[in-house]
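Peer 1: Protein chains in written order, with this note's numbering: chain A, 143 to 635; chain B, 187 to 645; chain C, 66 to 451.
Each hint should be verified, as a subset may be incorrect.
[Stated by the list, open to error] Non-contacting residues of chain A with respect to chain B, defined by C-beta distances greater than 12 Å in every case (computed): (1) D170; (2) Q218; (3) V260; (4) D277; (5) G318; (6) R371; (7) G462; (8) D559; (9) L566; (10) D608.
[Said to hold, decoys possible] Part of the chain A face toward chain C, derived, beta carbon under 8 Å: (11) T337; (12) L351; (13) G570; (14) D593; (15) V616.
Simulated from the structure, these hints should not be mistaken for lab results. From the three backbone atoms N, C-alpha and C, an ideal C-beta is built for every residue, glycine too.
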Amino acid sequence: MDATVPDHRADRSFASPSDAELTRLVADLGVALGPDRARSDPLELALYARDAGVASGRAAAVCFPRTTAEVAAAVQTARRHGRPFLGRGSGTGLAGGATPVDDPVVIVTTQMNRVLEVDVDERFAWVEPGVLNLDLTRAVAHLGLHYAPDPSSQQACSIGGNVATNAGGPHCLLYGTTQAHVLAAEVVLPDGTVTVLGGLSPDQPGYDLRGVFVGSEGTMGIATRIAVRLMPDPPALRTLLLDFTDVDAAAATVSGIIADGLVPAALEMMDADITRMVEDFVGAGYPRDAAAVLLVEVDGLTHGVDDAIEIIRRVGTANGARTVRVAADATERNLLWKGRKSAFGAIARIAPNYYLHDTVVPRTRLVEVLRGVYAIADEQRIKVLNVFHAGDGNLHPLLVFDGREPGVMERVHAAGDAIIELSLSVGGVLSGEHGIGLEKRAYMRSQFSPDDLHVQAGMRDAFDPDGFSNPHKVLPAGSRCGDVQSLPEGVWV
Amino acid sequence: MTALDSVPTTQRPMGVAPQGPLDISDDDLVSCVACGLCLPHCPTYRVTGLETSSPRGRIAAMRAVQFGGAPIDTVFERYMEECIQCRGCEAACPSQVPYGRLIEGARQALHERRSHDRRRRRRLAEWLGYTVILPRHRLVIAATWLLGLGQRLRLVPRRLVPRGVALPLVSLTELRHPLQPTAPTAPSGASSGGPSTGNPTNAFDAVLFTGCVMDAWQRGTHRSAITVMESTGAMVGLPGPGGDCCGALHVHAGRTAEARRLAERVIASMPGDAPIVVDSAGCGAALKDYGHLLGSPEARAFSERVHDFAEWLAPRVDRLAVRDTHERVVVADPCHLRHVQRQTTPVRSILAASHRTVDTDDDGLCCGAGGAYNALQPDLALAARERKIAALQRAAGGAALTDFRVVSANPGCLMHLMAAGVRAVHPADLLAEALDPEHPRWPRDAIRPEPSRHPGSTP
Amino acid sequence: MTRVGAVAPALSAAEVAERAREIAASIGSSHGPVVAVGAQTHWEVGGPVPDLEEALVVRAPSGIVAYDPAELTITCGAGTPVAMLDATLAEAGQECPLDPADPAATVGGVLMAGLSGRRRLRWGPLRERLLEARFVTGDGRIVKGGGPTVKNVTGFDVCRLLVGSLGTLGVAVQVTLRCQPRQSVALWTVGPTGVSAADVRRRLFNPSCVASDTQGVHVLFEGHADDIDAELAVSGCTPVVAGPIGPQGPWRGRISVPVTALRAVVDGLDGLDGLDGLGALATSMVPAAGDGVTVAWLAEWGVGTVHVASLSAEGLLAARALAQAHGGWLLREAGRLGPAGPDGAGPSGVGLDDGFGVGLPDPQIQRRLKMAFDPAGRLNPGRIPL
Ligand SMILES: Cc1cc2nc3c(=O)[nH]c(=O)nc-3n(C[C@H](O)[C@H](O)[C@H](O)COP(=O)(O)OP(=O)(O)OC[C@H]3O[C@@H](n4cnc5c(N)ncnc54)[C@H](O)[C@@H]3O)c2cc1C
Ligand SMILES: Cc1cc2nc3c(=O)[nH]c(=O)nc-3n(C[C@H](O)[C@H](O)[C@H](O)COP(=O)(O)OP(=O)(O)OC[C@H]3O[C@@H](n4cnc5c(N)ncnc54)[C@H](O)[C@@H]3O)c2cc1C
Ligand code: SF4
Ligand code: SF4
Ligand code: SF4
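This is chain A alone, in the form it adopts within the complex (with noise of 0.2 Å):
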């Protein structure tokens, strides 16, 4: 059987470069892109070195393209020096999908940064990949337009990043993640040509390839532009913080709701200590001395709008909720969704650095991981906040600690592995919006079996077949041979 099969490249390695290979890979890019659009200081390098995660790697080149043409150029400028490749927007991905791996050239879009067209009637706008997630949403609201998806990094992300780490947000309960908002994108194949993904109409003759491309961590191409949908601004729009003495009633409060035939438009949680933090940052209002809070937002037509805010409030108030607060007006609901998106960033006021894993599991069964994540964050003397998407389950346990103190990595691991497993055991996944990455390949061999590997690794080998685009992620090492797994050579944490 496995005779048929075509080899799989996607864990394909490239030796290093000679000093006299990237001077000749450095003046080639130059000469496509303009001289000081492709660089290779060592300092500049190690800038690229890392995303917002924790692995660091290291580039060979970095470049600026301003077009899809420099952008083709760029990757066929790599490749004809048997360079693999890595497209990078704003470098906030929390997997270290943007680490640099076997000295790729890495591909910067934040000079592509202009919304090109925006239809209002239909609602959609093309875009160029460096355009931030927020400034999209700025650039339309005078037409009364907002794009949906709105990660806590929204001033910062790329929407090209969005777009491939398929990211969500906190309205993305209600109106679902970056998948449901790209309608096609332009892409820079692996080959260094250029063609469209999806389309603006509905349906397209074969396979959704829109659909694969859009979560696919940059290993399968360069997305250069992009038709996103715009959603009209909801005519009513409420945001209650409701205060709990207690966790565990604040997860049952999540699962009442929607068991009560309730899609709030977002859910979100926060425990103590991440609620006084983002309260000593923002001023919002937060309860200093809550248990956890629930942050929730319906929106749509104000009868319906109405009725949501009865039923939290009686789910609310039956599960023990201490009050329940309705934002007066938009500078108080703004406060209190400033804190709720500064919460990741916040966290260096407790400990220099942080672990920040993302699976999510069934909402009920909220309660029970939530109190195996503090069990097992105790059992290792590590520090975990947590502050998530609880409407569609998604945990984000933020593993806190100072990197100084000596075997603080073992213990933090050994955390994230018990979290994870824990995830697993009660029919979660892995990463729920943040991706795999460099960082979390590891895991993935205990969600998916060899064969479901082996199916992915052909899905990745049908776009790239020969292993250049932003190698090393996402499928563990070997996915057919369940070999063990370890970080690629010349990655550091």
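Here the structure of chain A is known, so what remains is to put chains B and C with the ligands in place on it, guided by the hints.
Peer 2: Just chains B and C with the ligands now, with coordinates in the frame of chain A:
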């Protein structure tokens, strides 16, 4: 095996506590988690898209030097010098990374290194500027007067000034008329009174810090500020000798020792406990930072007394008799007010009765002025300004630049914007225009004691 | 709600696993074509009809494996009839808007055909519904794609690939679908005369469907009764019939055009009138089941789908040419062409058996994808012609 030995690491090696060449705290340096949330708030990143001109990149470069053995070379120097020090990143950072401290530390290291190998002419020019002229009030005035004269006589060659860079159009008349503090009057006195001299004492309700460049270039604004303050019934004093230069530019340039000396002089020039009002956001930020710069209890007490003009005026605004001009003005918060002093509401509330203020949608992104920055890094400064102007026009509903005014409380920003044709104006000037001349000024009586910033404390 | 009938039986995970092993084993022990069969309500789509005599015919199991309303997900055998799935969900006040034309269709068949229902404008395309699939590949591997939770980005998106793959990548055995609360009121209305569909849509926040045909504009509202009243007032629409099933026709082709070209295509279809009597069709055709009206084309605004019917293959070919001229394409949908005669037979689909009528985009990638799942090309040969 891939050799990584030659690659500077941007990360702190785990389990080691190294001591690097930059005079900055390791704890400060490691507090950045590289989340990137600051990126969009950085004007230089916004216009270049380069990690090297972003706060996260600059911090990573500092780490590479501090922990990874990377050299302090011209590349590193360029990354540091391209920073406007607007501290938009610091305000945006949820981890509260003290970026201001970091960049000042890095600049200081660069300054020390530069003292050895900078080209002599540049060093001479810097010395002339920072050490000779700025701290000497009369010299700034004289230099300005020469500049103004030169401009009129077309003696300042265009090519010496990078295109579009701000140069003040100095009013020579203004310079001939020194500022006057409020004359001492009878307790119920409501007249403007004649000039009086001498050190500020507790007889004054507030002291207006005049600074060096501001006083030379925008003395009219000081006049407006005094008029407006007096209209609330306050007696306004001026600093005594030595209160010339706040030292902000010196801090930014890494000339910390000189900055400390200037700070001590400024403190000495304004004894007593009257609030110190500053109508230049940059100077205000510097004065508020003396506590940290000098680290002494006196300096901390002094910094406590410092208020931005709008911050001082806001709780007293009801005493102002202004006309409603119905004019729409776009607010361009100076970085030193928004990101450093974190004062954004006061300027909007003091203008509420007389003007319709409109905000930009760019989270107060820096306009690129940055003290001396626009002269030192003209390309980035101009690109940042272009972005700012687009935001201002969006806020004004797409109006032409000539059709609306922009309000900003920092002389650097005002000049930088005006040089591009923006009708930029200081809030004190706007208010002075809108004062109702018919209406009597608020009686002084009513404002002593000074409204307290800490409710409950007795004067 | 009109579809509530018998609920689906329970199905144990062990039974599903056993069935998957059987299918894998039968694929492993045979060599010819493998054809998955649902309810055969959509049998002619996407290429020539397979010869079942020659093929290994496989059927997915039917029944509910897991359903907890608080999860808003349901796991069932891929052979479960949509009507049964719907009835099961309705008991808990939920639904999964698969909306096949014929509720006898199986969940697996609907997903594999990949044609979204009439409510796509509001609830999104069919491909957003499939969270996890367990299937057997052409080389007999039992594979799981996706994950059972509503949110998941672990690994590459196998589920998006399966939806619309017409059984050419694997035989779906078990699927997990994302559900949603059933809206308390669903109401089909007709728009005010003289107002274009695009204008009606602009007046509304989130209608479930805005469609137009030769007779006017049809709008589906779902939600809170008071909100719908308000929206009716704003839009000037008049209620026609309750329930989510709207205008019906014996559709024979589905045009997919860029949303920006929909107006031009609709105008063009109007123009075809004289050519082959599409307009006449509206009156001559036997009304389909349900309370709807019979029309010759129905355009979904904001989506870009146009359902068309014709008395002849030539009519559909003309419609296809029109679609292609505007950057779209026409997929021949299920059923024989033209109205069924007394014996159920009708004109054959001459010229339309070629699946999509246009070349596939990026055929190399498509071919390699097919190879990854079905290296010997045994699954539904001829469908999705590559
Ligand atoms: C504080 C914080 C909060 C966050 N919150 C969320 C959240 O709520 N939800 C969420 O989903 N994520 C969140 N993230 C993660 C991160 O912001 C997202 O993954 C985001 O989509 C990454 O975008 P980026 O532009 O930074 O991409 P990068 O980090 O630069 O790249 C991410 C991946 O995308 C690839 N890539 C980038 N651009 C392209 C392109 N044009 N074409 C092809 N591939 C490309 C890269 O190769 C890499 O694999 C958060 C991160 C931080 C630091
Ligand atoms: C007039 C008309 C209008 C339609 N409109 C809509 C609509 O609005 N919305 C909508 O969603 N659908 C619509 N459809 C499509 C139709 O409802 C479904 O495609 C169809 O129901 C498929 O279900 P089935 O069980 O009958 O599949 P079948 O007709 O038996 O098979 C269809 C295809 O799927 C494959 N297949 C079936 N089961 C499996 C399996 N378990 N694993 C792998 N492959 C399998 C078959 O091999 C075949 O290629 C319409 C169909 C018609 C005739
Ligand atoms: S400075 Fe702050 S906001 Fe910027 S990357 Fe570091 S931690 Fe994040
Ligand atoms: S101070 Fe201003 S210019 Fe410097 S890094 Fe921070 S935001 Fe950028
Ligand atoms: S900050 Fe103020 S006092 Fe200092 S140099 Fe500038 S204007 Fe003069």
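Peer 1: Evaluate the condition: distance from the CB of A/G462 to the nearest CB of chain B exceeds 12 Å.
Peer 2: holds (30 Å)
Peer 1: Given A/L351 as an interface hint, is its Cβ closer than 8 Å to any Cβ of chain C?
Peer 2: holds (6 Å)
Peer 1: Does the claim that A/D170 lies outside the interface with chain B hold up, using a Cβ gap greater than 12 Å?
Peer 2: Fine: 21 Å to the nearest Cβ keeps A/D170 off the interface.
Peer 1: In terms of Cβ atoms, is chain B entirely out of 12 Å range of A/D277?
Peer 2: violated (7 Å)
Peer 1: With 8 Å as the cut and Cβ atoms as the points, is A/T337 at the interface with chain C?
Peer 2: Since the shortest Cβ distance to chain C is 5 Å, the answer is holds.
Peer 1: Does the claim that A/G318 lies off the interface hold, with its Cβ farther than 12 Å from every Cβ of chain B?
Peer 2: Holds: least Cβ distance 24 Å, greater than 12 Å.
Peer 1: Can we confirm that no CB of chain B comes within 12 Å of the CB of A/R371?
Peer 2: Given a closest Cβ separation of 22 Å, the condition holds.
Peer 1: Would you assess whether A/L566, listed as outside the interface, keeps its beta-carbon beyond 12 Å of every beta-carbon in chain B?
Peer 2: The claim holds: A/L566 sits with its nearest Cβ about 27 Å from chain B, beyond 12 Å.
Peer 1: A cut-off of 12 Å on Cβ-Cβ distance, and A/D559 was said to be off the interface with chain B. Does that hold?
Peer 2: holds (19 Å)
Peer 1: Would you say A/D608 is clear of chain B, with no C-beta pair closer than or equal to 12 Å?
Peer 2: It holds; A/D608 is separated from chain B by about 20 Å at its closest Cβ, greater than 12 Å.
Peer 1: Grab the minimum C-beta distance from A/D593 to chain C and call the hint holds if it beats 8 Å, violated otherwise.
Peer 2: At about 4 Å, which falls below the 8 Å cut-off, the nearest Cβ of chain C leaves the hint on A/D593 intact, so it holds.
Peer 1: Would A/Q218 pass as off the interface with chain B, using Cβ distances and a cut of 12 Å?
Peer 2: Non-interface label on A/Q218 holds, nearest chain B Cβ at 22 Å vs cutoff 12 Å.
Of the hints listed earlier, the one the structure fails to meet is number 4.
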